[in-house]
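The whole structure should be built from the sequences, with the hints applied where relevant.
Taken in sequence, the protein lines are chains A and B. Going by my numbering, the first residue of the first sequence is number 31, and it counts up by one from there. Going by my numbering, the first residue of the second sequence is number 28, and it counts up by one from there.
Note that these hints are calculated values from the structure, not bench results. This one's a predicted model, so the numbers in the text were calculated from it and none came from an experiment. Do not take every clue at face value.
What the hints assert, rightly or not - Now the in silico label distances, taken between C-beta atoms and shown as ranges: (1) 582(A) <-> 79(B): 29 to 35 Å; (2) 72(B) <-> 269(A): 58 to 64 Å; (3) 546(A) <-> 30(B): 15 to 21 Å; (4) 79(B) <-> 488(A): 52 to 58 Å.
Unchecked claim - Covered by chain B, per the in silico footprint, the following chain A stretches (three or more residues, Cβ under 8 Å): (5) 45-51; (6) 57-70; (7) 139-152; (8) 218-232; (9) 235-242; (10) 493-505.
C-beta atoms are modelled at their ideal positions from N, C-alpha and C, and glycine is treated no differently.
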Amino acid sequence: MITLADGLRLPTNGLDYTILAIYFVVVLGIGFAAKRSVRTSLDFFLSGRSLPAWVTGLAFVAANLGATEILGMAATGAQYGVAVVHWYWIGAIPAMVFLGLVMMPFYYRSKVRSVPEFLLQRFDKSAHLLSSILFAFAAVLIAGVNLYALSIVVEALLGWPQWVAIVVAGLFVLAYITIGGLSSAIYNEVLQFFVILAALIPLVVLGLKRVGGWGGLTDSLTASHGHNFLTAWGGTGIGQANPLGANWLTIILGLGFVLSFGYWTTNFAEVQRALSAKNLSAAQRTPLIAAFPKMFIVFLVMIPGLVAAVLVPKLGAPGGLQYNDAIPYLMQELLPNGVLGIAVTGLLAAFMAGMAANISSFNTVFTYDIWAKYVKTDRPDGYYLRFGRLITAIGVLASIGTAFIASSFSNIMGYLQTLFSFFNVPMFVVFIIGMFWKRASMKSGVWGLLAGTTAAMVNYFWIYKQGVIAIPTDQGANFVSAIVGFVAGAVVMVAVTLFTEPKPEAELAGLVYGTTAPGLAEPPAEGDAAWYRKPALLGWGALVLAALCYLPYSL
Amino acid sequence: MSELQNEVSELERTSATAARLFDIRRIIGGLFVVYGVIVTVAGLTASDADLAKAQGININLWTGLGMLALGLFFLVWLMLRPTVPPSAAELRDAQDAPADRPDQEG
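Structural data, given as structure tokens:
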């Protein structure tokens, strides 16, 4: 978990607080202005499926670009060096392209309103209820992690007591989502995306200037950390030791395939942004448009991490500055008032957006998938809209309560990925088999989910934590747990399918590869034929560009 | 079509977002113009201590101008390609709340 070192208090002044205050006013203003567009529950939970692709695309990347991600990835850069690029170029881009090109037609055309609802259509109620409850639980937990992390950072940087930060940020998120719904969350995410860029770019420029440019940075780090610190794949041969504790195979399969596909293609906090797009083309382009900024954001977090590793040779040693301090430390050292206010605003905005993404997906799953299907069915739509607003408030309050679970892990990303390896890994295997294998039976879904989650947990808490098999680091163990969970889920699904009934073919129309649902074809929207709006071109372009990005760091 | 698809299609028909949600470009443009002006002014009045801290670069000036340019870009884009007004069908659907009619965006 984030603990920032003492002495990181920023020299903020009235100018910086003015910038911050303006942002808070605008955030609330967006909430109130979006209120008049909310008439149905679909408006509240999915923006009426009517947003343009560039808005949902930027929200897609911003929902992931929470402050825990920014501070955590800078920490990973400071600790492991250039290897942090794996979380972006192999650990995000291929999965985002797969979501856009392959999976989105099934998601969007079937008109499901959430990821669990797809499982209900494809499998049965048991798979649906299990995944809904797991997701609702995880979303509140992660929102709590965000809130707790925010309070620690704000206390260290601005000197506010932790409870003040928790209450203020929590209430702002509560207000703007309860009033404006998903439109308000998405609009704020788009705004946050630009503010965080305006915060990180000056930090990168000044950081590089401070250490003598990229050349000076690499010279210093080669001398202090060795050449492998500046390469993506150096030292990742099987059996070789490297600080990441993972080899090329577990990186590609564990991080690049299982963890990343699980997160990007079945995490509803992400998929929801695409489902709110105005048509299938826009929904497909949502993750593809997001892939391009995602690819280059790594430089904005990795470089501050590397610069901090140069400036503070003892970074990470007990008692001194920790890896998570990298970005706050550079803010303190380099940014004058003005830009400093932008950076503080960007960090707070990122914390709130990260939390809001989880709350705005939690309320949708809880209302549509749990309440409307199992508790109070067949009420008029207005009832679910009111209930959605109520459960949003309850979700925020619950996440405040869960904020303290996060205190035993040293690295935020390790914590988040541990969770994802338990919940998201089996989700992905169930989806991929369900979408491509017509025969996969109704009951195989829930058993695949259970087996995958259990296997990943057993691997992590027993085989790794008890030292049955030696894996050098938490990160490496996460990658292996993910692979184990994926394989266990797949094997159990196949086995269960062989002994249970398939879903009737008619009910699978439009849900499985090779089937189409009658009456759902939409005419293409005007302008979608333009070459730069072709999903295939955007997707393959992103893949090629990500592969090219690897070149300079693979020699 | 399945029961779910009918239900969602019906909700899409009565949805108000497309007709009544404001355009985010106006907010991004407005906020970044305001921020750009504030930070640029901070850059124009930068003290020697500020410049020394920022490695001799007038970072407030450059960041401010950059933010101003981004803000203006969004406002110009909004002016050149205003929000498509809702179609006749959408307007008809939006008429059950005639008291507050949809904004004329753009």
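The hints, checked one at a time:
1. 582(A) <-> 79(B): 29 to 35 Å: About 33 Å separates the Cβ atoms of residue 582(A) and residue 79(B), which means 29 to 35 Å holds.
2. 72(B) <-> 269(A): 58 to 64 Å: The hint (58 to 64 Å, Cβ to Cβ) holds, given that residue 72(B) and residue 269(A) are roughly 60 Å apart.
3. 546(A) <-> 30(B): 15 to 21 Å: For residue 30(B) against residue 546(A), whose Cβ atoms are near 18 Å apart, the range 15 to 21 Å holds.
4. 79(B) <-> 488(A): 52 to 58 Å: Since the Cβ atoms of residue 79(B) and residue 488(A) sit about 56 Å apart, the hinted range of 52 to 58 Å holds.
5. 45-51: That given contact holds, which follows from 3 residues of the stretch 45-51 of chain A lying within Cβ reach (below 8 Å) of chain B.
6. 57-70: holds (count 9)
7. 139-152: Satisfied; 6 residues make the cut.
8. 218-232: holds (count 6)
9. 235-242: Held - the stretch 235-242 of chain A has 4 residues with a Cβ nearer than 8 Å to chain B, which meets the minimum of three.
10. 493-505: violated (count 0)
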